[in-house]
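K.L.:
Given chain E's structure and the hints, the job is docking chain U onto it.
Each chain, letter by letter, is given below.
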Amino acid sequence: DSGVTQTPKHLITATGQRVTLRCSPRSGDLSVYWYQQSLDQGLQFLIQYYNGEERAKGNILERFSAQQFPDLHSELNLSSLELGDSALYFCASSRLAYTDTQYFGPGTRLTVL
Amino acid sequence: GENVGLHLPTLSVQEGDNSIINCAYSNSASDYFIWYKQESGKGPQFIIDIRSNMDKRQGQRVTVLLNKTVKHLSLQIAATQPGDSAVYFCAENGAAGNKLTFGGGTRVLVKP
Chain E
1 DSGVTQTPKH LITATGQRVT LRCSPRSGDL SVYWYQQSLD QGLQFLIQYY
51 NGEERAKGNI LERFSAQQFP DLHSELNLSS LELGDSALYF CASSRLAYTD
101 TQYFGPGTRL TVL
Chain U
1 GENVGLHLPT LSVQEGDNSI INCAYSNSAS DYFIWYKQES GKGPQFIIDI
51 RSNMDKRQGQ RVTVLLNKTV KHLSLQIAAT QPGDSAVYFC AENGAAGNKL
101 TFGGGTRVLV KP
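Protein sequence lines, in the order shown, are assigned to chains E and U.
Numbered according to our numbering, the first sequence spans residues 1 to 113.
Numbered according to our numbering, the second sequence spans residues 1 to 112.
Misleading hints may appear alongside valid ones.
Said to hold, decoys possible - Computed spacing ranges between beta-carbons, pair by pair:
{"#": "1", "chain 1": "E", "residue 1": "D40", "chain 2": "U", "residue 2": "E39", "range": "17 to 23 Å"}
{"#": "2", "chain 1": "U", "residue 1": "P82", "chain 2": "E", "residue 2": "I12", "range": "29 to 35 Å"}
{"#": "3", "chain 1": "U", "residue 1": "K111", "chain 2": "E", "residue 2": "G28", "range": "37 to 43 Å"}
To be verified - List time: in silico BS3-like cross-link candidates among lysine-lysine, alpha-carbon distance up to 27 Å:
{"#": "4", "chain 1": "U", "residue 1": "K42", "chain 2": "U", "residue 2": "K111"}
{"#": "5", "chain 1": "U", "residue 1": "K68", "chain 2": "U", "residue 2": "K56"}
{"#": "6", "chain 1": "E", "residue 1": "K57", "chain 2": "U", "residue 2": "K71"}
{"#": "7", "chain 1": "U", "residue 1": "K56", "chain 2": "U", "residue 2": "K71"}
{"#": "8", "chain 1": "E", "residue 1": "K57", "chain 2": "E", "residue 2": "K9"}
{"#": "9", "chain 1": "U", "residue 1": "K42", "chain 2": "E", "residue 2": "K9"}
{"#": "10", "chain 1": "E", "residue 1": "K57", "chain 2": "U", "residue 2": "K42"}
These are computed hints drawn from the structure, not numbers from a lab.
Each residue gets a CB set at the ideal place from its N, CA and C atoms; glycine is no exception.
The following block holds chain E by itself, in its conformation from the complex:
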């Protein structure tokens, strides 16, 4: 158990819908990251927050957005869902904002029908 928690574990929804994935970092970690893991693209970095501020952005679609709240938990919002958005979404956390070990949560499996 890494100490990073993610909810829900599974999510099944329809195309065009919007969902919110939630992540709580390890105690003491200020940085939160979101990654997408799909069969054809592997593990891809989406976005990083540090202490409430966006720190780095990766291959995140405009339909996706994230935020980190004052209690340091983070949410990833996915809207106008498409079939291709079906994937595992992982949250990771680290203490520092850079060059620090990232610990991953168990993931949320999103299925878009």
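P.N.:
Just chain U, lined up with the frame of chain E:
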């Protein structure tokens, strides 16, 4: 360390033997490297890391080697056990912030 999509090389190893998993990374400016293990249905689990000012680091039953000249990273697992069966990913951190770029992964199958 670029993702290579669906192709997932597989390493079959006899229980008790040593395993070596290789990874070529892409960014010569990367200064931090991590190996993760991912079991089916779980998130990536940290195994060991190494910074660019080192060429070798040892953990419990694992050793990571870094060759910056040829941009190559390897993970050695000593006395491989059935519980080591998983997909192993290398990751590099060469960009601003702490963005990790993952390799495509190697599946390790331990035969009893």
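K.L.:
Now tell me, hint by hint, if it's right for this structure.
P.N.:
How the hints compare with the structure:
1. Restraint check, E/D40 to U/E39: a C-beta distance of roughly 21 Å satisfies the suggested window 17 to 23 Å.
2. Hint check: U/P82 to E/I12, Cβ distance near 33 Å, so the stated range 29 to 35 Å holds.
3. For the pair U/K111 and E/G28, the supplied restraint of 37 to 43 Å holds, since their beta-carbon distance comes to about 41 Å.
4. For the given pair, U/K42 sits about 21 Å from U/K111 by alpha-carbon distance, which is consistent with the 27 Å threshold.
5. A hinted pair counts as satisfied when its Cα atoms are at most 27 Å apart, and U/K68 with U/K56 qualifies at roughly 11 Å.
6. At roughly 25 Å between alpha-carbon atoms, E/K57 and U/K71 fall within 27 Å of each other, so this suggested pair holds.
7. With a C-alpha separation of about 14 Å, the suggested pair U/K56 and U/K71 falls inside the 27 Å cut-off, and the hint holds.
8. Under the criterion of a C-alpha separation no larger than 27 Å, the hint pairing E/K57 with E/K9 is consistent with the structure, at around 24 Å.
9. Of the supplied pair hints, the one linking U/K42 and E/K9 holds, its CA atoms being roughly 11 Å apart against a limit of 27 Å.
10. Our distance criterion of 27 Å between C-alpha atoms is met by E/K57 and U/K42, whose separation comes to about 24 Å.
Checked against the numbered hints given earlier, this structure breaks none of them.
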